[in-house]
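Peer 1: Sequence:
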Amino acid sequence: MAMPLSHLVNGVLYRKMSVAPAEARALQPICAALEVHNWKTAQLAVAKQLKKLPHHYLAHALNCLALSGPRPMSGSARKEIQSTIEYIKTHTNGAGLGDPETLLVIACTIAAVNDDKDAAHEEVDALMSLAVERHPNKEDVNIEAFQAFVRSGNYKSAQQTSMRLHKNNPNQTHYLWWSVAAILLRVRSSPTTAGADVDKTNEVLLTLAERQLATHFKPTSEGVNSDQDQQYESDHEFHLVTRFLELCAVHRPSESTSALVLPSLPSSAGELPPTARLLRHLASPEADSYCATGLGLKIWRREVELKHGSRASGEWKAGWERMKTGIEEGDTNWHTLLYLIRSAFALADDSSLAFAGSSDSSDFTSRLSPTAEGQQLVDETRKLLEQFSEGLHASSAPHERGYLLGVLEIARENRRRGWDEGSERLGKLVTRYFERFESKMCCFDDLRAYLEVLDEEESTQTREKMEERGNSAGDLTEKLAYSLINAAKIARFLAPSWTSAEAQVILAHSYLTRYFQVLPLGSHLDSTDLQPADDFALLAAQAFVSAYHLDRDRSRLESALLVLDYALQQSRHKYQIRLLAINIQRQLGASSIAMDLNRSLGIKSIQFDTLIHVAATRSSIFANAAGATTSANDAGILDELRKAKKWYGAGLDEAADMVVRVFMLHNFSKIEDFVEFQTRLSNSYTRDLVLIESLRIQLLRGAVINPSLGFTTDPLKAILQSCDANRYSDNRDFDTIPNLQRKDEASIWDQTGLGPRLGREWMTAIAQAYQRFLDPLAVVNEGSEHAFDSTEVSGSDPNVGDFVADHYRCLQLLPSEKAMVDFSRLAGKVFVAALDDPKPEQLAYAFFSEKIRLHLRADQLASLTSAMEDSARLPWEVLSIAANAFEAYCLLDLALGIVTEHLTSTKATDHAKHVKRLRNFRTKSREATQKIGKEVTNWAKKVGKERNKVIGNVVTLKQFEKFDDVTILDWAHALVESRKNSAETLGAAIHRRCIK
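According to this note's numbering, the stretch in the sequence shown is residues 31 to 1026, in order.
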C-alpha cells in the first residue's frame, strides 16, 4: 500500500477516536512512536498496553507494524509477524478480524513485509475473505474488505462483498452502484479473444447487473406516469448505466432482447435488442440533459452513435442535426466539427466502417458514389463551415482554425474515397489555410495530415510557394518569424525523395542563417522563455542528420550536435532540442554528457513511464561510463533507472489507491479511467525495459546476481510471461522530438536511436538469454526454438514458422545482440556435452574469436575490429559489440560456476573431468574476451586524440560568427573526452573481470 506510515497511524487514531476515545488515548504512545519511525519505543509501548489487555488485537497489529519497520528485516521479526497475524486470525474464532482498523494495519504490514506485490495482494485478500466470512454483518469490516479487493484488482470478491453490503443495507444505494461497477470491471477485464466459457461468464454477470438495475429502478407506484418515479441521482449513475448498456451491445447476442425499464428507457419502449437499447438510452431527454453539462458524455454519445447507429434508424442524421445546431449556437470544439463531418460521410457511405478505430481503417471499402442523402449532407456541411470560416454567419468566429480545417477534412475524406472534391481541391485549400494562419505556431502541425495525401503536382506547387514565402525579405517580426518557420517546415516535408548529402548540408546552413536572423527577436525574453528561433535550430540539426544517412559521414552528426548545443544555451528549456541532442550524443558514444543533459530534463512522476526510455534504451552499452566531470566516477545511468524502478513501485500503489478513492467518493464515472491507468502502468513495456537494463548494467559492473547467492530469476520469468501473453502497454513517447524530416524519410527518432526500436521480440530474446545462463540447470523445452541461423548449427533447413518469428525478432536486435542470444543457446549445449564431443564447444567459442567451417558469421573480435576501421560506423556501434561480447562472457562465467558447483555437489558421473572441461572452456573464453578488452582500450587512446579531427569536421560552421574558435574548441573537448571515457571505462571493466 502506498499510504505513508504517518497517515496510517493518524488515520487509525482518528477512526478510533470517533468510536472508542479511551482506546484511542491508550494507543496514542504507540502511534506517536511509529509516526517518527522509533520502532523500539513503539514495541515497548505495545508491551505496556498488552500487559493491561493481552488480547488487544489492534495493539498486536501495531506491534507487527513496528517489527516490519527496520531494514533489513531479521528472520526472527518475520516469524513473529507471521505468528502474530495467525494469532489474530484464529483467536476466539477470528474475533480480532471484526475490527476494521486491525485489518487495515495488518494489510499494511503484509505489504511492507512482502517484496512481491502479487503475493502480498493474495495474502491480504485471503485475510479479508476470512474477515467477511467471520463477520458477514459488520458493515465497516465489509467496507474495509471491499477496499482491499479493489486495491488488488480482485473484482470478483469486491462485487460479492458489495452485494452483501447492499443486501444488509438496502437504503444505502451506493453499495448497489459499487456492485454494478465491480461487475462492469470484471467484464471489461475479460480477455478480448475469449472462449465460450468466458463469454458465458460475461453473459451471467451482465444479467446479474441488469437484475440489480431493474430492481433499483422498479416503479414504486402504478399508473401512467409510474416510469417517472425513479430518476438518476447524478451523472455518475447515468455514466454507469450507459457503460452497462454498451457492454451489453458488445457481449450479448444481437438477437437477444430485454424489457429493462430505466429512467431513460420507459416501459413503452418494449423489448429491444442490446444495440437498440443503448441508442434509445442515448437519445433520451436524460441523455440530452447530462450531455449538456458534460463534454465527456457528449463525446461518448457521438462515438457510440457513429459506431452502432445506422442510416435506416436515423442516429447519424439526428446526431448531425444536433451538432449542426450546436455549431450555429457557437460551439467551436474540434470534436464537434469532426463528428459533424463523420456523420455526414457515414450517411454518404451508408456505413461507419471508415471511422472504425482510425481514419484509415483497413476494413473500409468505399462506394463508387455517395448516397443522395449523404451527398446532400456533405455539401451542406461544407457550405456551413465555409460560411463560418469566412465570417458570414451571425455566430462566426473567423479567428477559429477549426472551420477551415473542417473544409480540409471534407476534401481529404472525398479524396480518400475517390469522390469529387468540388471546385477547390485539397492543394488549394492547404494554401488558403496557410495564408490565413501562417503566423500561428501550430500551422504546420494542423496541416501535416493533409500534406501527406497531396498528389505529386500539388506537392510541387505547394512546396514552391512555401520556398518562395521562406525566401521573402523584409523587417523580421515575431509573427513573420513563425510564418517563415511554418513555410520552411512544409517545404521540407514536401521535398522530393531524390536529394544528396551536400544538398541537405546547404539546406541546414540556410536554416542556420535564418536562425541567427530571428534570434535577436528573443533577446528581451527571460531565461526561462523559449526563443522564437528554436525551430530553425531543429530544422538545421535534422537536415544534418539527413545528410549523415545519405553519405554516412560522422561530421554531419557532429555539426548537428554543435548547433543543438548552441541553441540550448540560448533556450535552456526547449526540451525537444535537449532530447535530440541526447540521442545524437549517445550515437557518438558521449554517454556522460548525454546523461547530464538527461538529468537536466528533471523527469518526474508519470514522465518516467513515457520518457525514461530515452536513457534506458540499450543503456547497458554505457554501463561502466564515468561522469562528465573529473570528480564523478559514475555517469549515473543506473541511478536514473533505480529512481524509475522505485517510482513504478510507488506509482502502482498510488494508482490502486486512486481506484479505491473514486469508489469511496462515489465518483463512478472516473472508475474505469483510473483502472485503465493502473492497467497500463502494471503492463508497461518501459517498466520491464528498466528492469532488464538495470540487470544488464549490474552484471557488467560485477554485481552479485548469482541465483545461488540470493538473486531470484522471478522478474525474468514475469517478463517472459508478459511477452508470451502479449499484454504490454507501450507508453513510450516518441513524439517528444518533432519530426521535421521529409515525408518519405524515416522519422528523426528512428534516425537518431541506437539501432532498431525495441519491442516485445527484443525483450523476449534478451530475457530468454539471461534465463538460460542464470538458470542453467532448469530443463527447458526449447523444441520450438531454433538459433536464428539454424543451418549454421545443425546444417538442416529451419522450420518456416520459426524462421518468420525469428525474422521479426531479428529486426529489433543488433547483430551483436543477435550473436549473444545465439551464444546463449550454444552455451547450453556445452554444459551437457559429452566428454568426447568437442563440436558444441567449437560452435560456442566461435562467438568470441574463431571461425569454423560451419559458422559463416564473423566472430565478435572480427566484428569489433571491422567496426573500428570503418569510418561509416558510429562510436556507439563499436561499444555495443564490445559490451555485448563482455556481457556474454559474464553470463557464461556465472552459468559455469552454477553448473560446476552442481556437478561437484551431486558427484555426477565423471564430474571431475566435466568440471575440468568446463573450466578450460571458461579460460579460453576469458582470454578471447581479454583480447576484445585490449582492442577497446587501444581504440579509446585513439579516440582521445581526435579533438582536432572533430574541430575540422565542423569547420564549415565557422562561417557563422557565433561558432568561433573558443566555442568550437570547448565543445569538441567535452565531446571527445566523453567518448574517450565511454571506451576507456569499458576496456578497464573487461580487464578487471578477465585478469587472473
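Keep in mind that the hints are not guaranteed to be accurate.
[To be verified] Restricting the straight-line Cα-Cα distance to at most 30 Å, the calculated cross-link-like pairs of lysine-lysine (BS3-like) are:
hint, residue 1, residue 2
1, 675, 700
2, 747, 676
3, 946, 975
4, 675, 109
5, 119, 186
6, 509, 470
7, 971, 946
8, 859, 964
9, 470, 961
10, 869, 975
11, 964, 988
12, 147, 168
13, 230, 700
14, 972, 988
15, 675, 848
16, 495, 458
17, 248, 230
18, 961, 975
19, 509, 848
20, 81, 109
21, 869, 954
22, 119, 230
23, 458, 470
24, 869, 961
25, 859, 946
26, 470, 413
27, 413, 337
28, 954, 972
29, 347, 337
30, 961, 937
31, 972, 943
32, 848, 971
33, 979, 954
34, 859, 971
Note that these hints are calculated values from the structure, not bench results. Only a predicted model underlies this, so the values are computations on that prediction, with no experimental measurement involved.
Peer 1: Is residue 961 within 30 Å of residue 937, Cα to Cα?
Peer 2: Status violated; Cα separation ~35 Å.
Peer 1: Holds or violated: residue 869 with residue 975, Cα cutoff 30 Å?
Peer 2: 44 Å, violated
Peer 1: Tell me if the straight-line CA distance from residue 859 to residue 971 falls inside 30 Å.
Peer 2: Judged against 30 Å, a Cα distance of about 38 Å means the pair is violated.
Peer 1: Hinted pair, alpha-carbon criterion (30 Å max): residue 230, residue 700. Please report holds or violated.
Peer 2: Roughly 27 Å between the alpha carbons, so the hint for residue 230 and residue 700 holds.
Peer 1: Next pair to validate is residue 747 with residue 676; report whether the Cα-Cα distance is within 30 Å.
Peer 2: 20 Å, holds
Peer 1: For the pair supplied as a hint, residue 470 and residue 961, is the alpha-carbon distance within the 30 Å limit?
Peer 2: Violated. Residue 470 to residue 961 sits at ~58 Å, over the 30 Å cutoff.
Peer 1: Taking only the CA atoms, is the gap from residue 147 to residue 168 under or equal to 30 Å?
Peer 2: With a Cα-Cα distance of about 28 Å, the restraint between residue 147 and residue 168 holds, given a limit of 30 Å.
Peer 1: Has the given pair, residue 675 with residue 109, been kept, meaning a C-alpha gap of at most 30 Å?
Peer 2: Satisfied, since the Cα-Cα distance of roughly 29 Å is no more than 30 Å.
Peer 1: Is residue 675 close enough to residue 848, meaning Cα to Cα at most 30 Å?
Peer 2: 27 Å, holds
Peer 1: Taken at face value, is the distance from the CA of residue 470 to the CA of residue 509 at most 30 Å?
Peer 2: 8 Å, holds
Peer 1: Taking 30 Å as the top limit, are the C-alpha atoms of residue 954 and residue 972 close enough?
Peer 2: 28 Å, holds
Peer 1: Is residue 248 close enough to residue 230, meaning Cα to Cα at most 30 Å?
Peer 2: 27 Å, holds
Checked against the numbered hints given earlier, this structure breaks hints 3, 7, 9, 10, 11, 19, 22, 30, 31, 33 and 34; the rest are met.
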